[in-house]
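Engineer: For reference, the chains in residue letters:
There are 4 protein chains.
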Amino acid sequence: MAEIRTIGVANGGGDAPGLNAVIRGVVKSAIRRHGWRVIGICNGFDSLIWPEGCLPLTWDAVSGILPRGGTILGTTNRGNPFAYRHMENGKEQVTDYSGLCLENARRLGLDAIVVIGGDGTLSIAQDFYRRGLPVVGVPKTIDNDLSATETTFGFDTALHVATDAIDRLHTTAESHHRVMFVEVMGREAGWIALQSGIAGGADVVLLPEIPFRFEAICAAVRAREEQGRRFSLVVVAEGVQLPEKDPAGQPIPPAGPGEVSNRIAGVLRGMLQKEIRVTVLGHVQRGGSPSPFDRILATRFGVAATQLVARGEFGRMVCLRAGKIDSVPLEDAVAKPKLVDPRGELVEVARSVGMMFGDES
Amino acid sequence: MAEIRTIGVANGGGDAPGLNAVIRGVVKSAIRRHGWRVIGICNGFDSLIWPEGCLPLTWDAVSGILPRGGTILGTTNRGNPFAYRHMENGKEQVTDYSGLCLENARRLGLDAIVVIGGDGTLSIAQDFYRRGLPVVGVPKTIDNDLSATETTFGFDTALHVATDAIDRLHTTAESHHRVMFVEVMGREAGWIALQSGIAGGADVVLLPEIPFRFEAICAAVRAREEQGRRFSLVVVAEGVQLPEKDPAGQPIPPAGPGEVSNRIAGVLRGMLQKEIRVTVLGHVQRGGSPSPFDRILATRFGVAATQLVARGEFGRMVCLRAGKIDSVPLEDAVAKPKLVDPRGELVEVARSVGMMFGDES
Amino acid sequence: MAEIRTIGVANGGGDAPGLNAVIRGVVKSAIRRHGWRVIGICNGFDSLIWPEGCLPLTWDAVSGILPRGGTILGTTNRGNPFAYRHMENGKEQVTDYSGLCLENARRLGLDAIVVIGGDGTLSIAQDFYRRGLPVVGVPKTIDNDLSATETTFGFDTALHVATDAIDRLHTTAESHHRVMFVEVMGREAGWIALQSGIAGGADVVLLPEIPFRFEAICAAVRAREEQGRRFSLVVVAEGVQLPEKDPAGQPIPPAGPGEVSNRIAGVLRGMLQKEIRVTVLGHVQRGGSPSPFDRILATRFGVAATQLVARGEFGRMVCLRAGKIDSVPLEDAVAKPKLVDPRGELVEVARSVGMMFGDES
Amino acid sequence: MAEIRTIGVANGGGDAPGLNAVIRGVVKSAIRRHGWRVIGICNGFDSLIWPEGCLPLTWDAVSGILPRGGTILGTTNRGNPFAYRHMENGKEQVTDYSGLCLENARRLGLDAIVVIGGDGTLSIAQDFYRRGLPVVGVPKTIDNDLSATETTFGFDTALHVATDAIDRLHTTAESHHRVMFVEVMGREAGWIALQSGIAGGADVVLLPEIPFRFEAICAAVRAREEQGRRFSLVVVAEGVQLPEKDPAGQPIPPAGPGEVSNRIAGVLRGMLQKEIRVTVLGHVQRGGSPSPFDRILATRFGVAATQLVARGEFGRMVCLRAGKIDSVPLEDAVAKPKLVDPRGELVEVARSVGMMFGDES
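Residue numbers (this note's numbering), protein chains in the order written: chain A, 1 to 361; chain B, 362 to 722; chain C, 723 to 1083; chain D, 1084 to 1444.
So here's chain A without its partners, still in its complex pose:
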């Protein structure tokens, strides 16, 4: 194994609270434990294509970033170097910059790269690894839907934002005898909706994993009213499956994040003859200072990634298992997502305290 002198660190995809804590963990442990230099690769892998964008990451450069949201490296949801899309003369071009990236990594003297990202970014990392670049991964998914790790940073902070919003809406819903909807993140997996629903004491939670019927929601709201509870709080995961038709047989146009809860509320407004208000939390769930849990986990991930590099365990990703730091092959990161089990303990707990999922008969 070649001696390590300089490593790079990169991140890609949507930001998540804790990214800066990972970067700080990588940099400080690389310097203090191993005496390495660290170079920041900015905006996904862009600085491997245009290396003048690289950021020298000294001890000072990462001091004070621990409590900050976002990422000092910048990030992007685009920019796959193996198929880079860009406009040229008004036409979209797709270029393979991967060879240039490998060459630049060599020129920059990068003996290894720590890549922080979700399945998209880690797929690219794995492709680079196959092409000979020594890579280790750090998982990042605010939806907490990776099966290779018990949990990831960012999710706990998102849960705080969503739960705080539910707490606030609760007082208004109760005072106004209203049905209140709040749409939270979760395209494929409903973890934020389920857990913020439990934490906030929501009455109905609609998940991608549990198909719902409008009649069941109406029944839940009406059952509450019969018990004197004239308000209901409904949490909707943005990736919930919209039925094709409403109970009257009318087709419901498809709707994506930001619209799906309004679509559902629209149908129910007619059925319940009740005021329904909708809040779409959106990107506030991704931002802001990470929670203590996220800062700690992110720091552990960063330090652990440096250790993987030091031990030459490339092509692997750090993960959390039974509260302990471990690692798995990178390809496990992009395996099938970890979904909410409709028959699992958490859903059963939710039902036990009175939560409905719209699948009740």
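Because the hints were derived from the structure by calculation, they are not lab data. Please read these numbers as outputs of a predicted model, since none were measured by experiment. We put the beta carbon where it would ideally sit given N, CA and C, even for glycine. Mixed in with the good hints, there may be bad ones.
Between beta-carbon pairs, the in silico distance windows are [stated by the list, open to error]:
no.	chain 1	residue 1	chain 2	residue 2	range
1	A	Arg269	C	Arg828	48 to 56 Å
2	A	Ile252	B	Glu576	36 to 44 Å
3	C	Glu1070	D	Gly1118	47 to 55 Å
4	C	Gly988	D	Gly1182	36 to 44 Å
5	B	Arg467	C	Arg828	52 to 60 Å
6	D	Gly1118	C	Arg951	34 to 42 Å
7	D	Glu1327	C	Gly786	43 to 51 Å
8	A	Asp359	B	Gly631	34 to 42 Å
For lysine-lysine, the following BS3-like pairs were computed, each having C-alpha atoms within a straight-line distance of at most 27 Å [unchecked claim]:
no.	chain 1	residue 1	chain 2	residue 2
9	A	Lys338	C	Lys996
10	A	Lys324	A	Lys338
11	A	Lys274	B	Lys699
12	B	Lys699	B	Lys685
13	D	Lys1328	B	Lys685
14	D	Lys1421	B	Lys699
15	A	Lys324	C	Lys996
16	D	Lys1407	D	Lys1419
17	C	Lys1046	A	Lys324
18	D	Lys1357	D	Lys1328
19	B	Lys685	B	Lys697
20	D	Lys1357	C	Lys813
21	D	Lys1419	B	Lys697
22	D	Lys1421	B	Lys685
Following the hints, complete the assembly by docking chains B, C and D onto the known chain A.
Structural biologist: Quick look at chains B, C and D alone, frame taken from chain A:
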């Protein structure tokens, strides 16, 4: 002046953080200072129509409600007793219950009523006052748009929620080099947008009081990019005036709260060729535990309202002037709203630190 | 196994955020899943001695308590029914009320009791179990020092309060070039100090598990100054071991929680000739609304305790293992505490990012 | 009036949330409105003595500091240039560096200086002004005890921290039937204690302005117990006047901030035979991100200070009056402090909702 033995307290309209603190202030000072009984009139004026809905407000009943959002009385945006809308045999009926209310107030032994509300609710209070009911008012408007009082409770809490959202979006906008929109409350007056914009360091703020041009927003975003700031944060008051046509001359369909920021973002996305994300904060701004400022002001208003009753100064509303509690005739409450002055100090301060309003040439 | 119709729920010891969420979880799942009645035993086991203090726990009684700190049952650090201390005619008496408790449990029709508590309270629970009372336990320790469970509710909330304080002190320390001390909870185990220290980016952390030397702290502060960092933030666990003498050989008087950090600061003030300010967080760490994580874990524990009762698995305590709910014999709860491992991963991570523990040579 | 090209900005004394917002307000408005250069004078007036410590304050240098606590300039409670204390050969020397400062100000090309500070720092500013330096002042006092301005930045944030602590302690006090003390800032003026007490619903508040008797506090706690309220929450301003003797005639040793509440609790513990717990909030009240109100007021102050400079109105300090920005002569800043009026409206409001001040007979 007849001796006071029992007073009622009512609230109507949208809820605002601090309502419970006002109610507690009224009840505790009525009991401790004057030895009165207090009866809670629930859901607007509904309990004056159906008096079995009244709530006896003892010292114990209001203990512990100070930090809670919402209102223990319940509230409603409907239910004007002078023109009560309800369904009968499938048809909407409008009934004048005001006589019944006056009769029930007498039967309940109410020697005076404290009414907490915005211009709608206080208009009704004034109508009751003209019909002989001894009434005092407490102003409530989360938009802070009453000219009769320097400020009202609830606004500071709303400002916290909006500013916290802007802070969170800032980190994401910066990391992703995006334009981020956040839509906040403010139908006629843009106080929440302007002040949360200043507090959050927003780049562009769109207000009902300042007509904007799409070109000016584009210029602002582009000027920032030229200075190396590849992100912009835009705060939109829900009551902003949408231009009738976009710069290409295409008509823009009208849009109300919850949609207006999406409409603006839609036009700009085409003009800027840039990713724009929209968050609509909605009712989370009204809910949750009131800020210290709002708890203190609400408590002062509640105690002051009781004093107005004790002094027999009916037909008046408490208010804040130069940091001191004062009172004004109820009709002043429903006078013209307090709007943002486009040439006022606060807008000038905002421009001085670099904020744009979309009216720049 | 006898049919269950009525269960009791009790809690004892210091309060922890999430207690109400456990109680709600027990009550709602008992009613919804099993149709049982639930009786609340107030102030430790006091209501088993004086049963008129019992609280009927209906669905309504536990509605809305999920986000509230404290416990609706009240609690106490005293009141062991097997050796109840009370004053009689100016003298302290110790009485064994355990027989009376068992008799009252029978009279109240309690078929089982769920006891939420730390090692003290669960020891009593086990004594009752040995005397024939069907008991299940729920672990509660804000210090997170039970080896029988991966984590307990309340700890995450305490971590938030401590980390928020460190964040706030950081800005002042940095602006004033000061050494700032903050004393946090943790009598035997330093988990809160260690984890809030990592989350807050503290410079020095003093734990009960790692004996420190004054010289090492001075060296750490001075090394930082040489790097241009003219401030240091020191987190002290209240149970830290105070050296018997200062470096000058003068004896240091022993000091307990609330004083120990002042004692250490006093010695260092002389050695460093630098301003040192001390904050003792105290009971604010125990109070307030539980974090989402704590609410969810507490709810899961409450539901799981009800399931233990339903399956007749008495004498056991619910716990969390590898993120999953499990159970262990009650005696495991009172086994040796889970301490910070001075050579464990978390301490190593902390050292890797530059934290000192005062044991450096 | 000479043309302005370059201004300096300095701050001194204890830090307060909002300092950075003032600095940003000064810098951005100086650049945008007037095209001036701005130089930051660090650590009080130190950089006027050693000008190599100056910080060029460009637009970029102040971008992103709005939400941050502390001050980018650093600050100090010492360092009066007219009588600078320092150690030389083991002896304390006092040197008058004021002439050097004036000379350096000239060398640096400073046409005016904006000084942000409390009465100590502004006295120095005034002395410089008398010596011919064009100075304008911005008031800073976290205790809100300046009579020349309605309110200052930092106070609202301190109120948030104190109220949040009271909210947290409330749940524990209530669950444990305890008396809880919390000591807050306020050496001469009890504004934080009074206002956080009202906002948090404290039972007893002890202020510097209202001498208390131990017997009255005991009576208050006992009266509550007779009403079934077995807990009490006591807020103590750090500057409260300690009686010379306890009710038994024993002398009470004097105690300053951090100790005074423990001293009072010690006496009451004996009198009440009840558990009393004490929390000393300390410097967490000064730190952290400023509240929206403080960010806005600080920004307004910064912009207004620049305007004073532009209009040549030196020797004056900006202030807030009836919600509007105004200015007063600098000497007014160091006039007698604004104290709580024991017969004023706020104290009366507090008494009306049941708060005691220990002066009740």
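Engineer: State for each hint whether it applies.
Structural biologist: These are the hints, each one checked on the structure:
Our hint of 48 to 56 Å for Arg269 of chain A and Arg828 of chain C holds, since their Cβ atoms are close to 54 Å apart. For Ile252 of chain A and Glu576 of chain B, the Cβ-Cβ distance of about 38 Å falls inside the hinted range of 36 to 44 Å, so the restraint holds. With their beta carbons about 54 Å apart, Glu1070 of chain C and Gly1118 of chain D fall inside the hinted range of 47 to 55 Å. For the pair Gly988 of chain C and Gly1182 of chain D, the beta carbons lie near 39 Å from each other, so the given range of 36 to 44 Å is met.
At about 55 Å, the beta-carbon gap between Arg467 of chain B and Arg828 of chain C stays in the expected band of 52 to 60 Å. Checked against the hint of 34 to 42 Å, the C-beta distance between Gly1118 of chain D and Arg951 of chain C comes to roughly 36 Å, which is consistent with it. Take Glu1327 of chain D and Gly786 of chain C: their Cβ atoms lie about 48 Å apart, and the range 43 to 51 Å holds. Asp359 of chain A and Gly631 of chain B have their C-beta atoms about 41 Å apart, which keeps the hinted 34 to 42 Å range intact.
Under the criterion of a C-alpha separation no larger than 27 Å, the hint pairing Lys338 of chain A with Lys996 of chain C is inconsistent with the structure, at around 53 Å. Taking the CA atoms of Lys324 of chain A and Lys338 of chain A, the gap is near 19 Å; set against the 27 Å cutoff, the hint holds. For the hint pairing Lys274 of chain A with Lys699 of chain B, the CA-to-CA distance comes to about 32 Å; that exceeds 27 Å, so the pair is violated. About 19 Å separates the Cα atoms of Lys699 of chain B and Lys685 of chain B, which keeps this hinted pair within 27 Å; it holds.
Under the criterion of a C-alpha separation no larger than 27 Å, the hint pairing Lys1328 of chain D with Lys685 of chain B is inconsistent with the structure, at around 38 Å. For the hint pairing Lys1421 of chain D with Lys699 of chain B, the CA-to-CA distance comes to about 31 Å; that exceeds 27 Å, so the pair is violated. At roughly 40 Å between alpha-carbon atoms, Lys324 of chain A and Lys996 of chain C are farther apart than 27 Å, so this suggested pair is violated. Between Lys1407 of chain D and Lys1419 of chain D the CA atoms are separated by roughly 22 Å; this keeps the pair inside 27 Å, and the hint holds.
The straight-line distance between the Cα atoms of Lys1046 of chain C and Lys324 of chain A is roughly 14 Å, inside the 27 Å bound, and the hint therefore holds. Taking the CA atoms of Lys1357 of chain D and Lys1328 of chain D, the gap is near 21 Å; set against the 27 Å cutoff, the hint holds. Taken as a hint, the Lys685 of chain B and Lys697 of chain B pair is honoured in the structure, with Cα atoms around 22 Å apart against an allowance of 27 Å. Note on Lys1357 of chain D and Lys813 of chain C: the hinted pairing holds, with a Cα-Cα distance of about 16 Å set against a maximum of 27 Å.
At roughly 41 Å between alpha-carbon atoms, Lys1419 of chain D and Lys697 of chain B are farther apart than 27 Å, so this suggested pair is violated. Distance check on the hinted pair: Lys1421 of chain D and Lys685 of chain B sit about 15 Å apart at the alpha-carbon level, within 27 Å; holds.
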